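**Q** The residues making up each chain are set out below.
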Amino acid sequence: MLRVDRCTGDGACARVCPSGAISVVGDGDGWVWELTDARCVFCGLCQDVCPSQAILLSNEFEVSVRDVADLTMRVTFTSSTETPT
Amino acid sequence: MTLPPSQLIVPTVRARARTQDETVDAIGERLGARIRGLLKRSLHIRHLDTGSCNGCDWEIQALLGPVYDIQRLGIDIVASPRHADMVLVTGSVTRHLEQAARRTYEAMPQPGLVVAVGACACGGGVLQGTYCTAGGVANVLPVDVFIPGCPPRPQALIHGLLLALDRMEQKLYRTEVTVPVVRPD
Numbered sequence: 001m002l003r004v005d006r007c008t009g010d011g012a013c014a015r016v017c018p019s020g021a022i023s024v025v026g027d028g029d030g031w032v033w034e035l036t037d038a039r040c041v042f043c044g045l046c047q048d049v050c051p052s053q054a055i056l057l058s059n060e061f062e063v064s065v066r067d068v069a070d071l072t073m074r075v076t077f078t079s080s081t082e083t084p085t
Numbered sequence: 001m002t003l004p005p006s007q008l009i010v011p012t013v014r015a016r017a018r019t020q021d022e023t024v025d026a027i028g029e030r031l032g033a034r035i036r037g038l039l040k041r042s043l044h045i046r047h048l049d050t051g052s053c054n055g056c057d058w059e060i061q062a063l064l065g066p067v068y069d070i071q072r073l074g075i076d077i078v079a080s081p082r083h084a085d086m087v088l089v090t091g092s093v094t095r096h097l098e099q100a101a102r103r104t105y106e107a108m109p110q111p112g113l114v115v116a117v118g119a120c121a122c123g124g125g126v127l128q129g130t131y132c133t134a135g136g137v138a139n140v141l142p143v144d145v146f147i148p149g150c151p152p153r154p155q156a157l158i159h160g161l162l163l164a165l166d167r168m169e170q171k172l173y174r175t176e177v178t179v180p181v182v183r184p185d
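As given, the protein sequences belong to chains L and C, one line each in that order. Mapping to the numbering used here: the first sequence position 25 is 25, numbers consecutive. Mapping to the numbering used here: the second sequence position 129 is 129, numbers consecutive.
Read the hints as simulated data drawn from the structure, not as lab findings. Each hint should be verified, as a subset may be incorrect.
What the hints assert, rightly or not - So the derived label-pair ranges between C-beta atoms look like this:
1) C:41 - L:62: 18 to 28 Å
2) C:64 - L:34: 35 to 45 Å
3) L:34 - C:132: 20 to 30 Å
4) L:52 - C:107: 44 to 54 Å
To be verified - Covered by chain L, according to a simulated footprint, are these stretches of chain C (three or more residues, beta-carbon under 8 Å):
5) 118-127
6) 143-156
Note that this is a predicted model, so its numbers are computed, not measured. The C-beta atom is built at its ideal place from N, Cα and C for all residues, glycine as well.
Could you put together the complete structure from these sequences and hints?
**A** Pasting the structure below:
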């Protein structure tokens with residue numbers, strides 16, 4: 001679970017992720033936060049290192065999908081609008 | 001101020017265990033009713049290990065244990081893919097097991113379902129991009145349902161089986177039947 005109002009895009013989660021499931025890519029105007037469940041090992045390191053406590057691991061279990069593309073969660077932050085989509 | 005451990009931990013753990021039991025009961029009943037309504041018999045599953053670390057396999061084993069006990073819902077783990085409606089694939093398909101996985105799929109009676117269990121089976125997991133694995137079951141077999149998790153929780157597995165039964169309904173009751181193409185050797 002990502003608390004979008006707290007994410008600052010510093011990329012600490014992406015650097016610490018042991019399996020490379022999280023990627024944070026910035027382009028000056030904002031950043032794209034992306035998580036792939038197909039690689040996530042639920043170690044919780046991202047939750048530990050996030051300086052703004054934006055990541056919370058939950059007990060949610062209805063995560064099965066039919067298409068492998070649905071395993072990827074992408075959040076786009078735009079600094080100009082201040083409202084993530 | 002120091003609190004005894006019982007006051008710190010036990011209420012949370014107990015509360016969580018209670019909600020999980022209720023979840024398992026509710027979703028288990030849905031699964032049992034779905035199997036009875038769709039198949040009119042039990043669902044036979046073959047478990048295929050293609051180089052997993054045994055974490056996912058233990059979770060599947062936990063489903064058969066006294067806590068979850070999915071056999072009461074009409075699910076049986078069979079010893080051969082020739083008897084199976086569904087194959088639960090764990091692991092990221094190592095090079096040596098790639099051919100075995102393909103043969104297992106070919107031995108299944110159609111329509112057969114392939115369910116990828118765990119992060120490794122879904123997309124390679126921590127082994128993605130290595131030389132020794134195929135990087136996920138989807139690169140070898142036509143996967144119907146992906147269950148992510150490392151390992152997936154038993155509730156997640158039951159939810160994945162529910163999704164797979166929806167796919168089974170599509171395969172059973174459509175008019176034209178096409179056999180999915182398997183990549184040749």
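**Q** Run every hint past the structure and note whether it holds.
**A** Status of each hint after checking the structure:
A hinted range of 18 to 28 Å holds for the C-beta pair residue 41 (chain C) and residue 62 (chain L), which are about 26 Å apart. The supplied range of 35 to 45 Å is met by residue 64 (chain C) and residue 34 (chain L), whose beta-carbon atoms lie about 36 Å from each other. In this structure the hint that residue 34 (chain L) and residue 132 (chain C) lie 20 to 30 Å apart at CB holds, the actual value being about 26 Å. A hinted range of 44 to 54 Å holds for the C-beta pair residue 52 (chain L) and residue 107 (chain C), which are about 52 Å apart.
Residues of the region 118-127 of chain C with a Cβ under 8 Å from some Cβ of chain L number 6, which satisfies the need for three, so the listed coverage holds. With 12 residues bearing a CB less than 8 Å from a CB of chain L, the region 143-156 of chain C meets the requirement of three and the coverage assertion stands.
In terms of the numbered hints stated before, the structure departs from none.
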